[in-house]
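> The opening position of the sequence shown corresponds to residue 77 in our numbering, with each subsequent residue numbered one higher.
Mixed in with the good hints, there may be bad ones.
Said to hold, decoys possible - Computed Cβ-Cβ distance ranges for the label pairs, DEER-style: (1) ASP127 with ALA244: 21 to 27 Å; (2) MET106 with LEU330: 31 to 37 Å; (3) ASP314 with SER233: 39 to 45 Å; (4) LEU149 with ASP314: 32 to 38 Å; (5) THR309 with ILE172: 30 to 36 Å; (6) ALA326 with GLN138: 19 to 25 Å.
These are computed hints drawn from the structure, not numbers from a lab.
Glycine included, every Cβ here is placed at the ideal spot set by N, Cα and C.
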Amino acid sequence: MCRWQTYCGPAIYLDQLIYEPEHSLIDQSMHAVESKSAINADGVGVGWYGDRDIPGIYRQIQPAWNDNNLRNLSHHVSASLFFAHVRASTGTAVSISNCHPFVHGNWMFMHNGSISHFAQIRRDMEAGIPDDAYGQRLGTTDSEAFFLMMFANGLESNPAAAFRDTIAQVETIQSAHGLEPDISMAAVVTDGEHITAVRYSSSSVPPSLYWDGSGNHVTLVSEPFTSDPGQWTEVPPDQVLHASREGIGAIVALH
(Lines of atoms letter the chains of each structure in order from A and count residues from 1; the text may use other names and numbers.)
(Lines give C-alpha, C1' and ligand atoms only; values in the text may rest on other atoms or scores of the structure.)
Protein backbone atom coordinates (compact mmCIF):
# COMPACT_ATOMS: atom_id res chain seq x y z
CA MET A 1 0.00 0.00 0.00
CA CYS A 2 1.01 3.64 -0.43
CA ARG A 3 0.85 6.87 1.56
CA TRP A 4 -0.30 10.24 0.24
CA GLN A 5 -1.10 13.83 1.21
CA THR A 6 -3.20 16.55 -0.39
CA TYR A 7 -3.05 20.22 0.61
CA CYS A 8 -5.30 23.09 -0.46
CA GLY A 9 -5.08 26.56 1.02
CA PRO A 10 -2.77 29.58 1.11
CA ALA A 11 0.42 29.02 -0.83
CA ILE A 12 3.14 27.16 1.06
CA TYR A 13 6.45 25.62 0.13
CA LEU A 14 6.29 21.91 -0.57
CA ASP A 15 8.92 21.05 2.05
CA GLN A 16 6.60 22.50 4.73
CA LEU A 17 4.14 19.77 3.80
CA ILE A 18 6.24 16.67 3.11
CA TYR A 19 9.47 17.18 5.10
CA GLU A 20 8.90 19.38 8.14
CA PRO A 21 6.05 17.67 10.08
CA GLU A 22 7.06 15.18 12.79
CA HIS A 23 5.52 12.22 10.92
CA SER A 24 5.85 13.69 7.45
CA LEU A 25 5.26 11.88 4.19
CA ILE A 26 9.02 11.35 3.92
CA ASP A 27 9.00 9.77 7.37
CA GLN A 28 5.99 7.66 6.36
CA SER A 29 7.95 6.35 3.38
CA MET A 30 10.19 4.64 5.97
CA HIS A 31 7.92 4.24 9.02
CA ALA A 32 4.24 4.10 8.02
CA VAL A 33 2.06 2.95 10.92
CA GLU A 34 -1.39 2.53 9.30
CA SER A 35 -0.34 0.67 6.18
CA LYS A 36 0.14 -3.01 5.36
CA SER A 37 3.75 -2.10 4.61
CA ALA A 38 5.79 0.20 6.82
CA ILE A 39 8.15 0.85 3.89
CA ASN A 40 6.97 2.75 0.81
CA ALA A 41 10.09 2.76 -1.31
CA ASP A 42 8.85 2.09 -4.86
CA GLY A 43 8.83 5.70 -6.00
CA VAL A 44 7.68 9.16 -5.09
CA GLY A 45 5.68 11.83 -6.89
CA VAL A 46 4.40 15.35 -6.32
CA GLY A 47 2.04 17.52 -8.34
CA TRP A 48 1.04 21.16 -7.98
CA TYR A 49 -0.89 23.94 -9.69
CA GLY A 50 0.89 27.16 -10.55
CA ASP A 51 0.22 29.88 -13.12
CA ARG A 52 -0.37 27.52 -16.04
CA ASP A 53 -3.48 25.57 -16.95
CA ILE A 54 -2.03 22.12 -16.31
CA PRO A 55 -0.33 20.90 -13.14
CA GLY A 56 3.39 20.59 -12.68
CA ILE A 57 4.55 17.10 -11.82
CA TYR A 58 7.71 15.46 -10.52
CA ARG A 59 8.05 11.66 -10.25
CA GLN A 60 11.03 9.46 -9.46
CA ILE A 61 11.65 5.79 -8.62
CA GLN A 62 14.17 6.47 -5.87
CA PRO A 63 12.89 6.05 -2.32
CA ALA A 64 11.58 9.40 -1.15
CA TRP A 65 14.03 9.60 1.73
CA ASN A 66 16.96 9.31 -0.67
CA ASP A 67 15.81 11.74 -3.38
CA ASN A 68 17.97 14.85 -3.13
CA ASN A 69 16.33 16.35 -6.22
CA LEU A 70 12.96 16.21 -4.46
CA ARG A 71 14.42 17.82 -1.36
CA ASN A 72 15.84 20.68 -3.40
CA LEU A 73 12.71 21.10 -5.52
CA SER A 74 10.41 21.12 -2.50
CA HIS A 75 12.45 23.89 -0.88
CA HIS A 76 11.78 26.21 -3.83
CA VAL A 77 8.32 25.30 -5.19
CA SER A 78 5.33 26.95 -3.55
CA ALA A 79 1.68 26.48 -4.47
CA SER A 80 -1.79 26.57 -2.99
CA LEU A 81 -2.66 23.00 -4.03
CA PHE A 82 -0.30 20.03 -3.72
CA PHE A 83 -0.55 16.29 -4.25
CA ALA A 84 2.26 14.11 -2.85
CA HIS A 85 2.58 10.32 -2.91
CA VAL A 86 5.03 7.60 -1.85
CA ARG A 87 4.49 4.23 -3.52
CA ALA A 88 4.52 0.63 -2.40
CA SER A 89 3.84 -1.45 -5.51
CA THR A 90 1.08 -4.04 -5.41
CA GLY A 91 2.61 -5.98 -8.29
CA THR A 92 3.32 -3.70 -11.24
CA ALA A 93 6.79 -2.51 -12.22
CA VAL A 94 8.78 0.09 -10.34
CA SER A 95 9.00 2.77 -13.03
CA ILE A 96 8.48 6.50 -13.31
CA SER A 97 5.37 6.02 -15.43
CA ASN A 98 3.82 3.96 -12.61
CA CYS A 99 4.42 6.61 -9.94
CA HIS A 100 1.54 8.77 -8.77
CA PRO A 101 0.07 11.30 -9.24
CA PHE A 102 -1.36 10.68 -12.69
CA VAL A 103 -2.35 13.61 -14.90
CA HIS A 104 -4.70 14.04 -17.86
CA GLY A 105 -5.34 17.61 -19.01
CA ASN A 106 -5.86 19.73 -15.92
CA TRP A 107 -6.92 16.72 -13.81
CA MET A 108 -4.70 14.98 -11.29
CA PHE A 109 -5.31 11.71 -9.42
CA MET A 110 -3.63 9.49 -6.84
CA HIS A 111 -4.63 6.29 -5.08
CA ASN A 112 -3.78 4.04 -2.17
CA GLY A 113 -5.20 0.53 -2.39
CA SER A 114 -5.61 -2.15 -5.02
CA ILE A 115 -7.92 -3.72 -7.59
CA SER A 116 -7.67 -7.46 -7.09
CA HIS A 117 -6.90 -9.77 -10.02
CA PHE A 118 -5.88 -6.78 -12.11
CA ALA A 119 -3.81 -8.91 -14.49
CA GLN A 120 -6.94 -10.89 -15.39
CA ILE A 121 -9.20 -7.89 -15.93
CA ARG A 122 -6.73 -5.32 -17.23
CA ARG A 123 -7.78 -5.64 -20.86
CA ASP A 124 -11.46 -5.11 -20.00
CA MET A 125 -10.65 -2.13 -17.80
CA GLU A 126 -8.54 -0.53 -20.51
CA ALA A 127 -11.38 -1.03 -22.97
CA GLY A 128 -13.36 1.33 -20.75
CA ILE A 129 -10.88 4.18 -21.25
CA PRO A 130 -12.15 6.73 -23.82
CA ASP A 131 -10.06 7.16 -26.94
CA ASP A 132 -8.99 10.72 -26.15
CA ALA A 133 -7.63 9.60 -22.76
CA TYR A 134 -6.08 6.31 -23.81
CA GLY A 135 -3.04 8.07 -25.22
CA GLN A 136 -2.23 9.17 -21.67
CA ARG A 137 -2.02 5.55 -20.52
CA LEU A 138 1.75 5.60 -20.02
CA GLY A 139 2.07 3.10 -17.18
CA THR A 140 0.73 -0.32 -16.26
CA THR A 141 -0.99 0.22 -12.90
CA ASP A 142 -4.58 -0.44 -11.91
CA SER A 143 -4.66 3.08 -10.43
CA GLU A 144 -3.94 4.85 -13.71
CA ALA A 145 -6.41 2.67 -15.61
CA PHE A 146 -9.12 3.45 -13.06
CA PHE A 147 -8.39 7.20 -13.30
CA LEU A 148 -8.65 7.25 -17.09
CA MET A 149 -11.84 5.16 -17.01
CA MET A 150 -13.39 7.93 -14.91
CA PHE A 151 -13.36 10.25 -17.93
CA ALA A 152 -15.85 7.95 -19.65
CA ASN A 153 -18.04 8.13 -16.55
CA GLY A 154 -18.41 11.90 -16.34
CA LEU A 155 -15.39 12.90 -14.25
CA GLU A 156 -15.28 16.40 -15.69
CA SER A 157 -18.88 17.16 -14.71
CA ASN A 158 -19.43 15.05 -11.57
CA PRO A 159 -16.34 13.52 -9.92
CA ALA A 160 -18.30 11.77 -7.14
CA ALA A 161 -20.58 10.05 -9.65
CA ALA A 162 -17.54 9.14 -11.76
CA PHE A 163 -15.96 7.43 -8.75
CA ARG A 164 -19.21 5.58 -7.99
CA ASP A 165 -19.85 4.47 -11.57
CA THR A 166 -16.24 3.44 -12.25
CA ILE A 167 -16.14 1.37 -9.06
CA ALA A 168 -19.37 -0.34 -10.15
CA GLN A 169 -17.96 -0.88 -13.65
CA VAL A 170 -14.79 -2.53 -12.33
CA GLU A 171 -16.74 -4.71 -9.90
CA THR A 172 -18.96 -5.80 -12.78
CA ILE A 173 -15.89 -6.72 -14.82
CA GLN A 174 -14.53 -8.75 -11.91
CA SER A 175 -17.85 -10.60 -11.57
CA ALA A 176 -17.95 -11.30 -15.32
CA HIS A 177 -14.60 -13.06 -14.93
CA GLY A 178 -15.99 -15.21 -12.13
CA LEU A 179 -14.11 -13.22 -9.51
CA GLU A 180 -15.35 -11.86 -6.22
CA PRO A 181 -15.61 -8.04 -6.53
CA ASP A 182 -12.65 -6.66 -4.62
CA ILE A 183 -11.59 -3.03 -4.76
CA SER A 184 -9.94 -1.08 -1.96
CA MET A 185 -9.16 2.58 -2.22
CA ALA A 186 -8.43 5.85 -0.59
CA ALA A 187 -8.23 8.01 -3.70
CA VAL A 188 -8.36 11.68 -4.58
CA VAL A 189 -8.86 13.68 -7.76
CA THR A 190 -8.74 17.39 -8.51
CA ASP A 191 -9.10 19.85 -11.38
CA GLY A 192 -6.98 22.40 -9.52
CA GLU A 193 -9.97 24.08 -7.92
CA HIS A 194 -12.10 21.33 -6.39
CA ILE A 195 -11.00 18.15 -4.60
CA THR A 196 -12.97 14.91 -4.40
CA ALA A 197 -11.72 12.04 -2.24
CA VAL A 198 -13.19 8.57 -1.70
CA ARG A 199 -12.63 5.93 0.95
CA TYR A 200 -14.08 2.61 -0.18
CA SER A 201 -13.73 -1.16 -0.01
CA SER A 202 -15.85 -3.84 -1.66
CA SER A 203 -15.67 -6.26 1.24
CA SER A 204 -13.34 -5.21 4.05
CA VAL A 205 -12.00 -2.20 5.94
CA PRO A 206 -10.79 0.35 3.36
CA PRO A 207 -7.40 2.06 3.49
CA SER A 208 -7.11 4.84 6.05
CA LEU A 209 -7.96 8.45 5.20
CA TYR A 210 -8.08 11.55 7.41
CA TRP A 211 -8.76 15.25 6.98
CA ASP A 212 -7.79 18.43 8.79
CA GLY A 213 -9.81 21.54 8.08
CA SER A 214 -8.52 23.69 10.90
CA GLY A 215 -7.41 27.18 10.10
CA ASN A 216 -7.57 28.39 6.52
CA HIS A 217 -6.58 25.20 4.71
CA VAL A 218 -7.67 21.62 4.00
CA THR A 219 -5.26 18.72 4.29
CA LEU A 220 -6.07 15.10 3.44
CA VAL A 221 -3.68 12.34 4.51
CA SER A 222 -3.36 8.57 4.50
CA GLU A 223 -2.24 8.89 8.10
CA PRO A 224 -1.80 11.93 10.37
CA PHE A 225 1.56 13.66 10.30
CA THR A 226 1.11 15.28 13.72
CA SER A 227 0.30 13.65 17.06
CA ASP A 228 -2.48 16.08 18.02
CA PRO A 229 -5.53 13.82 18.45
CA GLY A 230 -7.95 16.70 17.99
CA GLN A 231 -6.54 17.83 14.66
CA TRP A 232 -7.49 14.88 12.46
CA THR A 233 -10.90 13.46 11.55
CA GLU A 234 -11.20 10.03 9.95
CA VAL A 235 -13.25 9.82 6.77
CA PRO A 236 -15.82 7.03 7.33
CA PRO A 237 -15.84 4.02 4.98
CA ASP A 238 -17.81 4.31 1.74
CA GLN A 239 -17.86 8.09 1.86
CA VAL A 240 -17.02 10.90 -0.56
CA LEU A 241 -15.36 14.08 0.68
CA HIS A 242 -15.66 17.34 -1.27
CA ALA A 243 -13.27 20.21 -0.58
CA SER A 244 -11.90 23.40 -2.10
CA ARG A 245 -9.90 26.44 -1.03
CA GLU A 246 -12.99 27.48 0.92
CA GLY A 247 -12.72 24.36 3.10
CA ILE A 248 -14.55 21.05 3.45
CA GLY A 249 -17.71 21.19 1.39
CA ALA A 250 -19.44 17.93 2.35
CA ILE A 251 -18.86 14.31 3.31
CA VAL A 252 -21.59 12.13 1.86
CA ALA A 253 -22.29 8.45 1.15
CA LEU A 254 -20.69 7.09 -2.01
CA HIS A 255 -23.77 5.09 -3.01
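> Each of the hints needs a verdict: does it hold here or not?
To see whether the hints hold, each was checked on the structure:
At roughly 38 Å, the beta-carbon separation of ASP127 and ALA244 lies outside the given 21 to 27 Å, and the hint is violated. One distance hint, 31 to 37 Å for the beta-carbon pair MET106 and LEU330, holds here, with the actual separation near 32 Å. One distance hint, 39 to 45 Å for the beta-carbon pair ASP314 and SER233, is violated here, with the actual separation near 22 Å. At about 36 Å, the CB distance of LEU149 to ASP314 agrees with the hint of 32 to 38 Å.
Range check, THR309 to ILE172: about 34 Å between beta-carbon atoms, so the 30 to 36 Å window is met. For ALA326 and GLN138, the Cβ-Cβ distance of about 38 Å falls outside the hinted range of 19 to 25 Å, so the restraint is violated.
Going down the numbered hints, you'll see the structure goes against 1, 3 and 6, while the others check out.
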